[in-house]
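Going down the list, the protein sequences come from chains B and F.
Here the working numbering runs 341 ahead of the position in the first sequence, where the first position is 1.
Here the working numbering runs 605 ahead of the position in the second sequence, where the first position is 1.
Keep in mind the hints are simulated off the structure, nothing from the lab.
It cannot be assumed that every hint is accurate.
Claimed, not checked - Listed next, the in silico DMTMM-like pairs over lysine to aspartate or glutamate satisfying Cα-Cα at most 20 Å (straight line):
| id | chain 1 | residue 1 | chain 2 | residue 2 |
| --- | --- | --- | --- | --- |
| 1 | B | Lys377 | F | Glu899 |
| 2 | F | Lys802 | F | Glu853 |
| 3 | F | Lys945 | B | Glu498 |
To be verified - For the chain F half of the interface with chain B, some residues (derived, Cβ under 7 Å), not all of them:
| id | residue |
| --- | --- |
| 4 | Gly651 |
| 5 | Asn658 |
| 6 | Ala817 |
| 7 | Gly819 |
| 8 | Asn901 |
| 9 | Tyr928 |
Even glycine gets a Cβ: it sits at the ideal position worked out from N, Cα and C.
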Amino acid sequence: MTEPIIPQAPEVPEAPAGPYVYDYAASPQRQVVMPKTVPLPSYRTYLAEVKAAAEADEAKWKKMQADYETAKAKAEADGKDAPKPPVRPVPRKDDNDLKTPWPQEAKDADLLLLQELLGAKVQEIFEQAGELTCQIEKGALHEALLLCRDREDLHYEMLADQSATHYPAASDFAYSVVYHLTSISRRKRLRLRILVPEGFVPESACSVYPSANWMEREIFDMLGIAFANHPDMTRILCPDDWEGHALRKDYPVVGWGQRDIAFREDRGGMIERIALQKAGQLGINLKQPKAD
Amino acid sequence: MFKNEEMEINLGPQHPSTHGVLRVKLRLDGETITHCKPVIGYLHRGVEKICENQTFFQGQVWTDRMDYCSAVANNLGWAEANEKLFGITVPRRAQYIRTLLNEFNRLASHLIWLATHALDIGAMTVFLYAFREREDILDMNEAFCGSRLTTTAFRIGGLREDMPPGFEKMARKFLAKFPTCLEEYENLLSENRIWKKRTVGVAMLSAEDAIALGVTGPVLRAAGVPYDIRKAFPYAAYAEMDFEVPTETAADTYARYLVRMAEMRQSARIIQQCLDGMPEGPVMAKIPKILKPEVNEVYHATEAPKGELGYYLVGEKGSTNPYRFHVRAPGFINLQSLPKMAEGGLIADIVAAIGTLDIVLGEIDR
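Whenever a hint applies, use it, and build me the whole structure from the sequences.
Set out below in structure tokens:
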């Protein structure tokens with residue numbers, strides 16, 4: 342005779358006593374790691390870096406030689422064998438299909454023309470990865486856009502894209518705003534870039550390129566750069582009462598205070614367990630809906 | 606008693622013709638639209654922020670979820686933007702397979718556009734026919750990468766795997782029957798009196814306005830501007846392909862229909878060339894497992910089925926994730942032109958105007 346199988350109630354883990362507060366502020370998704378470098382592509386910075394690296398390399402080599410000379414002199418004095426002469430280290434060559442696109446000197450006629458026309462208002466021109474970049478003074482943006490659109494030998498008819506980047510580690514500016522212009526007739530692309538400090542209100546490009554309307558609204562929504570003389574400077578993707586600007590580097594991946602109970606962070610199902618227990622105390626069966 | 610004042614109505618956010626959750630605030634004078642304002646953001650998920658906090662390889666899967674009707678085109682843009690950022694040369698065979706899949710995806714995207722656009726305007730039948738062919742393309746997606754809609758078809762540096770056995774046969778079988786299918790759709794629509802009444806002269810957008818508003822893709826080409834990024838700034842294997850850029854001059858909804866139908870024929874031509882001239886060789890470039898860029902910024906634009914899809918990436922030295930990632934979504938910019946198209950027209954025609962832009966709210970809101 343077999344023993345009757347007694348149905349056993351599934352074990353419900355005990356919820357912790359007292360008011361349960363999930364420390365959602367401690368969640369890794371809410372932590373902010375501020376960037377330490379300013380990754381602003383620039384030919385001038387690149388040249389300075391290359392020079393500094395070469396100098397450091399040279400200094401290291403000089404030190405190696407000096408060390409060898411002293412070691413040799415010491416060995417001769419002690420009557421031992423001379424040490425091996427140093428070998429200058431050669432940079433390792435990787436066998437792969439990567440060819441890093443470094444910034445290069447501007448040779449394109451459009452960039453040179455812009456520099457000639459705008460003079461000192463052009464801060465930098467260079468080419469990288471086959472793209473033309475022209476960094477201009479933030480006040481001269483409108484002038485440059487008008488030149489690019491209207492001059493026959495430039496003729497960039499379309500503003501394809503406008504975007505901005507937050508650089509909190511930079512000292513003299515906070516954002517870069519980039520304008521990607523396309524010339525349909527000449528099959529060319531050009532990037533105009535301005536550097537904007539915190540709180541500065543750049544001129545809107547809407548009067549020159551109407552397509553900037555929504556793109557500038559998006560930049561305002563995501564990074565908090567307001568544009569002057571814009572027809573409708575309101576948020577576009579987030580609701581009007583949203584706090585903060587999501588694409589700034591000081592904004593966490595999970596937003597501030599927008600969700601008091603963060604279900605996605607409640608991995609152990611603690612909220613559900615508490616709800617079940619509380620309902621059980623009140624005599625409500627949440628698991629099985631009551632039949633009519 | 607009649608009132609003479611203007612009436613304000615909301616189209617959406619939940620409305621079958623808005624292809625997602627788009628709200629359009631309309632002000633009407635009788636049946637004429639005097640003011641139109643699209644309100645977006647209901648599907649905003651913060652893809653750009655998420656990708657900035659993930660590695661370059663992980664970002665790939667997010668691009669599928671932006672424009673889910675043309676996931677392959679979105680994957681291609683992401684992979685190529687990254688390759689530009691790191692300076693990777695992709696093997697020629699991988700380029701060909703990418704082009705092939707991208708064109709299949711263009712067919713699928715245009716078919717879903719045709720189906721839903723016709724359904725919006727009231728032609729039910731073509732919906733069923735177009736979905737029949739789209740199903741075959743999704744089957745091919747499944748054969749290639751195991752997934753039908755969110756494909757993640759490519760990897761940075763090439764492809765994960767080569768074409769599966771039997772894929773070429775599937776593709777050729779599809780190509781053999783596809784021209785007849787196109788004729789079926791055209792028989793249903795092109796000379797259909799109701800279709801022409803609902804589309805000819807509706808939602809006009811001139812070439813000047815389109816360029817000023819940044820509108821790209823079939824909408825721009827239907828206004829007579831032969832701007833196709835596949836021709837203007839060739840990427841993948843498009844430089845080696847022989848195809849035409851179809852244009853129309855009427856700049857109305859019917860012209861956009863004609864342009865997209867002609868584009869489907871060109872896509873089939875490109876697929877044929879890819880299959881015939883498929884080179885041998887590896888499909889993945891030799892790249893390290895962890896990619897770390899130098900300081901660099903790239904803007905890479907590709908011709909997605911909806912228009913110019915641009916990815917803007919800023920690389921930080923020694924970091925494994927992008928410092929800044931921005932998407933120039935074609936639907937986002939194209940939707941800006943909706944007021945220009947709809948104002949002055951009838952309220953019944955705004956459904957045609959939204960449909961003809963071929964928007965997907967997943968990429969507009971990101």
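These are the hints, each one checked on the structure:
Only pairs whose Cα atoms come within 20 Å are accepted, and Lys377(B) paired with Glu899(F) is accepted, the gap being roughly 15 Å. Pair hint Lys802(F) plus Glu853(F) holds up; C-alpha atoms about 18 Å apart against a cutoff of 20 Å. As the CA atoms of Lys945(F) and Glu498(B) are separated by approximately 19 Å, the hinted pair is consistent with the 20 Å bound. Residue-level restraint check for Gly651(F) holds (minimum Cβ-Cβ distance to chain B is 6 Å; threshold 7 Å).
With 7 Å as the threshold, the beta carbon of Asn658(F) comes within range of chain B, its nearest partner Cβ sitting at about 5 Å, so the hint holds. Annotation: Ala817(F) was flagged as interfacial toward chain B, and the flag holds, the nearest CB pair being 5 Å apart, inside 7 Å. With a cut of 7 Å, the hint placing Gly819(F) at the interface with chain B holds, because the nearest CB-to-CB distance is about 3 Å. Among the interface hints, the one on Asn901(F) holds; its C-beta lies about 5 Å from the nearest C-beta in chain B, closer than the 7 Å criterion.
Taking 7 Å as the C-beta cut-off, the interface hint given for Tyr928(F) holds, the closest approach to chain B being about 5 Å.
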